[in-house]
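Q: Those protein sequences? They're chains Z and B, same order as listed. Position one of the first sequence corresponds to residue 4 (this note's numbering), numbered consecutively onward. Position one of the second sequence corresponds to residue 6 (this note's numbering), numbered consecutively onward.
Hint data in this document are derived by calculation from the structure and do not stem from the laboratory.
Pairwise CB distance ranges (calculated): (1) N834/B with T91/Z: 32 to 42 angstroms; (2) A595/B with T91/Z: 43 to 53 angstroms; (3) E46/Z with Q647/B: 16 to 26 angstroms; (4) L202/B with G196/Z: 34 to 44 angstroms; (5) T332/Z with L202/B: 49 to 59 angstroms; (6) Q887/B with N445/Z: 32 to 42 angstroms; (7) D846/B with S214/Z: 53 to 63 angstroms; (8) T332/Z with Y602/B: 37 to 47 angstroms; (9) N445/Z with D846/B: 28 to 38 angstroms; (10) Y602/B with A171/Z: 48 to 58 angstroms; (11) S197/B with K87/Z: 37 to 47 angstroms; (12) A595/B with V451/Z: 51 to 61 angstroms; (13) S197/B with N445/Z: 38 to 48 angstroms.
Since the model is a prediction, treat every value here as computed from it, not as a measurement. By construction, the Cβ of each residue, glycine as well, lies at the ideal position given by its N, Cα and C atoms.
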Amino acid sequence: MLSRNYLVVFLALISALSFSSCQKWVNVPPQLQVDQNELFANEQGFRDALNGIYLQMGSQSLYGRDLTTGVLSIMGRSYDTSFKQADTLFYQSAAFNVQHYTLKNTFQNVWDSLYLCVANLNNVLANADARQNVFSAGHYNTTKGEALGLRAFIHFDLLRLFAPSPAAAGLSVPAIPYITKVSPYASPVLSTGAVIDSCIADLLNAQNLLSKSDMTTSQFTAWAVKGLLARIYLYKGDLANAQSNALAVINSNVFPLATNNTDLMFNKEQLFSLYSSGNFAFAYNKSVFVKPLGLSPTNQTAVFVTGSGSGNDYRKLGAFVDPTTGNTTGNIISPKKYYTNGSVSVNTLPMIRLTELYYIAAEASNASADSLTATNLLDSVRVHRNLAKYTQTALKRDSINIEIGKEYQKEFLGEGQVFFYYKRKNIPFASLPYTKVPVVPNASYVFVKPE
Amino acid sequence: MIRLLFGSLFYSLCIFCFSKTVAGETGSHFTKDSIPSRIIPKLRITVKDMADGLPIDSALVIAGYKKGYTNANGYIEFDSISKETIITAVVDRYFSLSKTAKPSLTLRLARKEYSFANTYSNGLYERPLEHFSGAATIVDGVELRRLNPVNFADALKICAPSFLVTRGNDNGDDPNITPSTNIRGLYNFPASASVVLYPGGNNTNLQLNPSVGDFVAGNVANPNQPVVLLDGVQVSLQTVLDMDINRISQVVILKDAAATAVYGVRGGTGVLLVKTKKPEKGMFNVTYSGQVQIATPDLSSYHLMNAADKLQLEQTSGFWGDNAALAQKRQAFAQSGRNTNWLAIPTRTGVGSKHYLTVGGGDDDLSYGMDFSYNDVEGVMKGSKRQNINIGGYVGTRIKNFTVNNYLRYTTTNAFNSPYGTLAEYAGLNAFWNPYDSITGKFAKVLDEYRYKGDSVRIYNPAYNGILSTTDKGKYTRFSDQLSLSLNIGRGFKADGYISLSKQADVTDVFLPPGHTAFANYTPELFFLRGMYNQVSSDFSSMEGGLNLNYTKRVNLHQFYGSAGIMAMQTRSESAGISLVGFTSDKLSALSFGNSYLTSKPQASLILTRLASAYGNFTYSYDNRYQLEVTGHADQSSQFPQNVTEPYWSVGASWNLHQERFFHANKFVSILRVRGSVGTTGNQFYQSYLSHSTYDYYTDRQYIQGSTGYTNVGIGQGAYLTAYANNALKVPQTEKQNIGLEAMLFKDRLSIMIDAYKNKSSNIILPVSSPASTGFMNFSYYDNLGAIESKGVEFALNYRVINNIKKGVTWSVSLNGIHNENRVAAISNYIDGLNTNKAVDNTVPQPNYVVGQSLTGIWAVRSLGIDPATGQEKFLKADGTQTFTWNAADRVLAGDLNPKWRGSFGTSISVKSISAGVYFSYQLGASYYNQTLADYVENADISYNVDERAANNRWTKPGDVALYKALSVNGLVTSPTYATTRFVEKNNSIECAAISLGYKLAEKISSKIGAKNTMFGFIANNVFQSSTMKAQRGIYYPFQHTYTFSITTSF
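Bound conformation, chain B alone (with noise of 0.2 angstroms):
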């Protein structure tokens, strides 16, 4: 890292000197000259492309009171020009330049930063789109704002199939809760079946409580998600979802290997570039954006029986039974009427405000810019929310042809979690018991209190936590700073750098008061015990470092580009958590007020790691109508075993029909391209360290003779093996394979895009199971062993049904979509023994990784419903056979979650000011699994709430043909039900992702108040959800609808 710190301002400083150089010359040679003749008689000016020394056609050429344009040659020529007059060379895109007139001129004009429009650009260098050969879906911040105002991935995915988005059915739509993304399927086994921490073993490759902004302790838990970089530097997911959405310009999915391979080992799980704005140049200008969003939870999918059913039911399955007591006190419930809707009470309506602020000008010389955004995301369990504080600066020179900027941003995040608890602890509660305390009117502590089988049973109120000093938060602050540097050389040549820094600082807190309903059975003797603090302190530091050489030239009709560079980068993370227990007060809510420490020491855990890369590509067009490319890479990691280093390398083509002579006279076809590339990437998505074998010393011990004494000081101290290398260890590899076409019908009005992939990831690090005998139960070894391969087909259509600029009327219709397969090609027998292992909860399907099967596959047994004569489940053996016992070892793949199709179609419609938009996601094909009928009707536990369904077509008497078996006080006790095929359903479902309103208020307006471009927006998201599911959505914490109301302006 040091080197290429130095190496950069080595870099930097000759730059500077050449600069020098440079003016030096000019200067001078400015007044040496100086011919008798004041007036040149013929001034021949050629004014060149810098960057590939083209000559440019219809550039504006002022030489005094003179003008005039370039002919095709980019040449001029002016009579009579005076010695000292200046000439200045204008042109759009470029940079203006400006010299002292002599006889033969020769103006050479740096280009401006591309416009995204016909440019692909993968953070190292750019292509035009039509010279790319690979899969790259690029997407606008301007169509991200339109379709989602708070979270970019929400709205990505509806943009781009391949992006998957996934909220887990337990955390719903919890803010403070990262959604785990994949770009084209899966590569990686989850960290459930790749991670394995022997109990009392050292695990120290791993980070402990990473920071939020640990991308790779993230990367090792969530294996599937794409590399995230953030103009370039890699950044953790929840970082760029913590930076303001109006400060993304553009969103590019790098998906195949002609894409990806030019980052290699970062580049197997796909890569998401997200590149931010720069200030808009000109006069000093402010833009403000401010927004209200109101969260409303989304508990349709629940239906929990009313008071009166449940008492109903309990009596009709005998819980109260001879209990007179209890029968009592039911009684008295069912007398009061009371019928508590226990899921209102932790929810609530979130009401959220966002504001966005930057100021900025400047010209091409000089820049800047500041940005402020604070962003309150309100969720809907009380209490439940995030709020974002982001400060930025920009400053960006140029001198000649060197460009420096420098991004300083400052982002402070404060996350809560609802002290309410979880949504499922409520989804429990009997509608028939109180939540309030009848004489205090506050939430009451005890819900009901009853003898059940000799056993005193106290029920707790939830939300009586909710009222106490119950506190759950998460707290970070991080800077970061970017300087790019760019040099345009000439010659077509062009040079680039930059160097990244950002520190990461988090804290939790989680604090359970005395008075917390977990220690309300605590015992006197355990009285001091009470309350809980655990304070966590998470650092994360990332440096990186890069420096690019792009290469293009023509030559008639061959065009050449070349690129080559190399990377730098390290990261280093750090975190220690401690305990307190003993707590006497609700009030002293702080960390000092604890009595003693849970564990005798902190939980403490040191990451450091690096990378280096290097990658080149040569990408060639004949006559824009062939295309090859050639990607090379090479990177060196400290997590590989050591002196080795990794080769990726890709293969792209691509032919464009519409270049074609004999498609020259088409009217109906713009653009017809075929593309295909092959290659191979990686990823590092695995622990650190595994390549080195450590030794732990003995802290509480030494080898020697009778008691540890002064004399012994520093004897006998013992060291002993905590890890063994696997120095034969292999980098995960992904092979990917991708073909492509993409075309532009009936004058630019339909757009087609259809990619077709195949992946295969092989040597994936899995544990290795070892017998006692060789030592190796105290310690984890990885192996190469694992092998996943997918396969797909996505596509995108967009057609625009009116498209009339003049009266500013467009109407369009969109649909894309993707269909995924992810199959096991090789397992290790420690997957084998998770697959076998008896010790976990069937009432679940359990995930089953069998090869040539689907990851996502569920394993339940074949049922054949419930027998009439016994009311006992009937099932089908492995080997056809009837059998009334559950077995584990018959199941079979009875679904998949993942769906055989997903994506989205929408529609968006202009009327000169006024734009509306409607935008569907859909999933079909795919299966899930009815946990709602199995925990709250077949394996329900009668003392607490169930679903409507618990009461009816239950088998109640031989002969009975049911759907459910027979109603019990515990179902889980007498009868429980385990993955059967029985409650494995389909899950077609189709969701109004966002409806989109806007309004531009028309200029004459806007100027009275000195404003220009100001808009108003009303965006809706997640507003309706139709799914063939059955069962509850949003298990700890609710799904919810957002409503946006928006306005933008600037001055």
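One chain only, chain Z, in its complex shape (with noise of 0.2 angstroms):
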């Protein structure tokens, strides 16, 4: 009896240990880590992860610097001053030598940086999917969408940067490779226009999910898929579409031109602008423009003055400070948008603005030999940045697209878009502006993939 006893308690002890609930007390999280069943347990952390890759590129290797201000501005030549040959990096990006060590190495931490981005997304991507009841009503939709459409606006940029034009080479050659899944094996290398197709076809889906009435435009919203399909379309050469992006966004009005000068920046421009962090901002900013790197008056003058131009336009007069005392006077050089007090402290780094999808569509317009509406386009801009009209209501269709051509050296001074500009339209090096440092016979918009 008594032995009987002993075995039922000891079976019994037995079987509350079982191993049903040994398994919620062998699992533990790592404990320096934050992990994702925690992180994702809630909607929270979603946006958390979000603002991780905003932050991400917002770094210095990326549009906090290197894409923006920096290697891109000096490429796509917002600056003329005399870069010394010290200043390796600088110096080689004015050359345009791609193969140099220091621009490769520049490139490939671009490469890795976005890439890890995309990695990033992809992980809030799965999670959405596998915890859509930790989202509110409507977040679902929305935190996907901002994924998805981030994701084609780092691929497109990876596509720009490390691909050469549909100008220069076709949609057919292989490009890079577009990851939808996070997986540590690689995934093929598509051609231009697969990934271009890839990109639409994640913003087609992220238009769907997004609404149209959020306005933070700090994220990725409905507004910058519009502007990003008109950026793509353009690229791919498809201008019918590329135009309907562009007056959709346009007609909305829901984006005011400037009509003063009080915000160099003109932030309620933007679709989408990204902030580098506020503490590290005036590091990388200081870091280009107290070199010193800018533009001299003399071609500010042959920028923004001579021509169809003038003195009075907000984007020159009181426009640009001295890099190291920030005021106006002195060795006026340097865009006064990213100084605040004196200091390059200014955070915000547009991505895509209203004006783009203007000359977008005048692009297009002009293409489908409507010079008119093309014209009105850029008159559109023009009388909001301090200038008059035209003088003509149609400019020629050449002179259309010279025109559209300095709007982009004027407006996106040392953002980094006027070498994608210079790149989607293959322009020989020879025609470059500012060629104080000679471009080397091997020069390229392609940057050299690190893989």
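Two chains, two frames, some hints: make the complex.
A: Encoded structure:
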């Protein structure tokens, strides 16, 4: 009897400690990191993860410097100052020497960091699908849409950096991998056309998920989707779609064009802008402008005044400062939009501006021989930049293209987009302005892919 | 864990209640029963074994003044016994039992613990050796102490060739370096190939600066070592090494599937069970053992140049050339005639001592004991030592068939490394330099100063650091407690359980004072950065508990054993390290005197692991002839992907031929068994949390417009992915196969053991190299990609040449050995990358893991010797053509560090009270790369001292047939010698591992001082080593000879 009792107790104990109860006990999360199950247990976790991606994008090696005010603006000819040979990276950038190790290293870093953003985005997407129940009404859609849109944005910039433009090499050349899931194993390299189609597919999905009423432009919204679609269709050469997407934003009138120059960054005109961290923006910008790097007064006049311009252009009048003091006196070469209170501390980084959509629509209209609409579109921007309308109601088609090029130079000074304009147009290196540093013979618009 | 604790508490409570009830019943029965007659006319008594219920023959039964012995049925009867008589049954190996007389009485006796002799115990259950089908080596503690009085691992490797203890050539016999160990070869790729720390990556899966007690981190760093269990509780090897060897009662090495499957995921690399002594019962007794250890450095492998030869060599090499000032300086050295033996400066004869005292006593019902131990191991480098203090307390009690015992232990260890630096720093110093300042007579700081090719050269004296407050020490304190419970349920059932807690705190301090030669070249602006203090604190705690239920039953010729149990374990490891710089005085050697932190934040890490297991074993024996055993095991661990249970199994069978009728008449064969087993086990020797995707938060930025301000507190926090889970990750598994033969021949004089085995480890976890486009650059991803196969044969022979017990004369000889081969069966693209990595030091042969080849191969380019015409080395390329250019792609497997055969042989003689023994370790068929020829001859920098061989056999002019390249001032710069087959040599060696002498004082004399069992002993370890290897041994720390004198007595 006795031994049977013991046995019953023993067996009861063993079953009490059964494996199902152990499952919970043995599952230990990492102690010094946040387990993703914990992070994504509520909606805020998704916001934090997306913020993390924006912060990563705002880092020095990406849009915080190298892809905006730094290397890309040097190659996009926003600055004409003489480059010191000792500043190897900037000097070689001006020479378009993409094979130089400094550029190779810089763009290896860009490649790594952008794809790291993609991996982070893919993990957000995978977790959003797996945990739809943690979202409040509608937020699953917006989170997913934001991530999809951003994934297209990053892939498109990777394409524009590391593959030749369709104007130079067509759509069928091998370009880059388009990564849609988190995996440690390689994905196939797609052609330029296929990457563009993947971007468009992601953006169209995002468009269906995002709400047009969300105007948080520091995040990727429905308006950023439209703007980016216009930009991508233009790059692809699908001008009709580029125009319709550009006009959709322009005609919605949700982004008003500026009527004064109190905000030189024209923040309200931005469909999508990034913040580099406030703590670091000063250092990032300083490392560019205080070199000093900028546009000399002579060339400011050449760009802004000569021809159809004016010294009263909001983007010219009082828009340049001395890089060291931040004052509008002295050696005024640096764009004031990056300065507040005399120091280079503005941390807004324009990614998609409304004005670019006007230029896209104008370029498309001009291509379909509608120079009147094109001129109108350009004039709409001009009046909001404190310029008179063009004297002719419809410029010649050639002049429109030249005017658009000049507008890119003025509007996106120090923002990196001019480089992509030159690349899209496949402008010969000899025709680029300010060749103080001779362009190397094997210059290229295509950066070296690290893999 | 909490559930387990409560469970055990509940369990103990229940048992307590039951015992009460039992006691109550007996008591009431005693008072109620009052038959008028006080005499029982016929008292029938049966004595049975409590465990299996079988009758006990020849048990002494005492009934008042009457007594007698039971018959074969365990039966005895007495006439006319008074009613209140106490009946007591006494049998050897059983606890005595008394009951009040009644007409028919059954006494069920509980067996005492098994004696080790014929029982195999794997820490969970016991089986007679005759019924066990697995491969295990059992070594008694006494045997170990006879071979090495300090280090059990060094002793064990002599007894068991399958247990390999490797002390790297670099660290020699440094007492503060844990040797690496493995059982039967390799199961994993070394950590250098299986753990990757991405630069800038955030690796929180691996403990930084772990405590020496942290076996989880230790196993990742050293993934071929066995799991070490101290009285059933997992500990690190260092924990056992820091325990007094006198406490070891037995060591068991579990090798094959039948032996290790019961440990499941912990059994893969083999298990080392260390069992400790329990206090001796009886009258209060005291034992003392004291010893003095003398260690002398073995520098016989160093053949450095003397002053005169070196100066001659410098001249020949043209080192001085047209440098008149330098030439003049060197001429002055030549004239001084000084010839310093630099190797003697940091080395010494270390004299250490050890004291071990135990007190104990008690009986079967209550026993107690305490042990104290102090062990000071003094190394052969000045200031290098390891001091252990151990205090243990034991208490055990038995209430009826329930026993409880508890052992509480406190350990503190202080480890000091030599402030003099490493031996290698001295080996490179020229003999003509004067270590002492000519004025003060103390160590000089600067040995030599000259200008060479426009640079100012200063040679510093490493010995100078030894006289400063240079500190390199580690200290830990450890508390551990183990509570064991055992309950003899009866009817063949027995249950036991244990709970163990341990907590260890380590602190390491490294202080380089500002005067240290490391800072000698600091320029004035760095003046306040001189001096460095590095302090690391780590904590390790583990909790473990388990329950086992055992059943034995015999029905006629059928013997059944069943065992089942569960176990749970938790470990927690934490560390934080800080570094300070900027010390102004050598005297201010505390952390607080530093000027600033070296890094902006401390390096901290924290790892928590949990494991839960269950096992079952069923063993059946038919007529002691045929045995079959089946084991099943299942694990859940925090390292596995969520909700994964890993199963393991083994099947073993054995045949006892000596029990067969046709063998019974044989006088030559007393034991002849064949056995075999197959099964699977796993190992957890990989990083924690690989199955978790994790995020970290940016701590220095937020996603907001403008600068950080009060209004933005807590807004825009950003998180980023730091690790991506592999949810399909499987646990590395080792399939084991073993067949063995055991025999005892010629009246037990010759014992033979032969085992052949094959292990296949698959699903080994290796890093995956990912292209950057995957985004995996900043976090590592691991997958089941590797596989290793090993196979081998091991044997042990022991022959008693003289076995005259009557006269007290015995002489025996023994020989054992193992042949083990490891082959790579699969690798990952990451290892491919390592194999072809160009950014490595090729003056050392780099490992190359090639499928189908050994893991321990030496890979070098085939050399055709020094070309007589040019003096350059001629190589054979992979395609068979000749070249003068060394290319890593042309490397071939030129030899293997792993010997073909390895083992030991020895003899021991005992004549009455004197005993003596000599044991040798040998290895055959191993190769090595003569790094001395590479570093100290061909790649040597002539401004430092070189090997004697640097002067001769060198190519000087076309036509010379030479062994070595032409002499040059700096061989590494002018024509570096990379891994070449020219320097791959055989490494057959024999080492006199132990010589022991013992004398036992006659009890007559002993008793005069109130003592007994008094013994004197002398053991010499590593007396000499002879090898075909002609290279320096002990690069940073020398090997040593150890001589130990000991006395043991008890009162």
